[in-house]
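Colleague: Count along the sequence shown starting at 1, add 46, and that's the number in this note's numbering.
I should point out that these hints are in silico values taken from the structure, not numbers from a laboratory.
Beta carbons: idealized from backbone N, C-alpha and C, even for Gly.
Hints may be right or wrong, so weigh each one.
Each pair of labels, with its calculated beta carbon distance range [claimed, not checked]: (1) 204 <-> 91: 21 to 27 angstroms; (2) 251 <-> 115: 25 to 31 angstroms; (3) 172 <-> 237: 22 to 28 angstroms; (4) 187 <-> 77: 32 to 38 angstroms; (5) 216 <-> 250: 32 to 38 angstroms.
Calculated pairs, SDA-like style, for lysine to any residue (alpha carbon to alpha carbon, straight line, at most 25 angstroms) [as the list claims (entries may be wrong)]: (6) 245 <-> 219; (7) 79 <-> 249; (8) 85 <-> 222; (9) 49 <-> 81; (10) 245 <-> 136.
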Amino acid sequence: MEKGVFITFEGIDGCGKTTMQGLCGQLLESRGKRVLLTKEPGDSDFGRSFRQMLLHTQMGEMNDATEVLLYAADRARHVDKVIRPALAQGMVVLCDRYLDSTIAYQGGGRGVEMDLLWRINDFATGGLSPDLTFYLRLDVEQMASRLSAGKDRLEKEAPRFFARVARAYEDLAARFPHRFVTVDANRPPEEVFSQIERKITEFFSWS
Numbered sequence: 047m048e049k050g051v052f053i054t055f056e057g058i059d060g061c062g063k064t065t066m067q068g069l070c071g072q073l074l075e076s077r078g079k080r081v082l083l084t085k086e087p088g089d090s091d092f093g094r095s096f097r098q099m100l101l102h103t104q105m106g107e108m109n110d111a112t113e114v115l116l117y118a119a120d121r122a123r124h125v126d127k128v129i130r131p132a133l134a135q136g137m138v139v140l141c142d143r144y145l146d147s148t149i150a151y152q153g154g155g156r157g158v159e160m161d162l163l164w165r166i167n168d169f170a171t172g173g174l175s176p177d178l179t180f181y182l183r184l185d186v187e188q189m190a191s192r193l194s195a196g197k198d199r200l201e202k203e204a205p206r207f208f209a210r211v212a213r214a215y216e217d218l219a220a221r222f223p224h225r226f227v228t229v230d231a232n233r234p235p236e237e238v239f240s241q242i243e244r245k246i247t248e249f250f251s252w253s
C-alpha cells in the first residue's frame, strides 16, 4: 500500500489556511490521491467538546496550563482516531493547524516554556510530525480586516499577542526548513495557491 502523507497548514488567524487546505485537496484529488481534510481543535469523535471549551468566548478566562492541556488532549485523540488511521490507509492528510500552532500560540503568544510544550506534544502525538507544513505568512495589520464579527476567544486577543505568535512561526520556519514552506498570504488567494501548487507538484514529483 502507498505510504500516507501528512501535510499541515499554519499561520495566524485570517491567513487563509482553510481556503488553501480545500484548494489543495481538490488539486490532489484531481491527480488521483485519496485525501482527508481535517482540523484542530475539534475534529475527533469527542473533539467538538474540546473546541467548545477552547474557543467559545462564554468559557471566560482560562489559565495557560488548562489551555495547553486541553489542546494536547484534543490532539492526542485526533492523532489516534483520525490522522494515523488515514495515513495507514495511504491517504494524504491535510490538517488545518497541528502542533506548530501550540508552539506559536501558547509558546510565542502566551509565553509558556517551549521545551515543556514540545515534551507535552511529543507525548500527545507519539512523535508524529508533518511531512510538509505550509506557513501562510500574513501581516498582523491585515488580520483584522479578514476576521468576521463573531470572533472566537483567541481571535479577540490584542495585536501584540498575534505579533508574538507570528514571530514564533518565523522561528519555527527557520528551525525546520526541511518541512516548512513559507507562503506570502498577503497576496490574492489565487496567487497564494499558486505558490502552494508549485510546492505540491515538486513534493510529489509531478511533471
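Colleague: Now tell me, hint by hint, if it's right for this structure.
Modeller: To see whether the hints hold, each was checked on the structure:
Taken as a hint, the range 21 to 27 angstroms is violated for the pair residue 204 and residue 91, whose Cβ atoms sit roughly 35 angstroms apart. Separation of residue 251 from residue 115 is about 40 angstroms and departs from the stated range, judged on CB atoms against 25 to 31 angstroms. For residue 172 and residue 237, the Cβ-Cβ distance of about 37 angstroms falls outside the hinted range of 22 to 28 angstroms, so the restraint is violated. Our hint of 32 to 38 angstroms for residue 187 and residue 77 holds, since their Cβ atoms are close to 36 angstroms apart.
Take residue 216 and residue 250: their Cβ atoms lie about 27 angstroms apart, and the range 32 to 38 angstroms is violated. Between residue 245 and residue 219, the direct Cα distance comes to roughly 15 angstroms. Compliance with the 25 angstroms bound is thereby established for this hinted pair. The hinted pair formed by residue 79 and residue 249 meets the criterion: a straight-line CA distance of about 13 angstroms does not exceed 25 angstroms. Restraint check: the Cα-Cα separation between residue 85 and residue 222 comes to about 21 angstroms, which is no more than 25 angstroms; the hinted pair holds.
Between the alpha carbons of residue 49 and residue 81 the distance comes to roughly 13 angstroms, so the proposed pair stays at or under 25 angstroms and holds. Distance hint between residue 245 and residue 136 is fulfilled; the C-alpha atoms sit about 20 angstroms from each other, no more than 25 angstroms.
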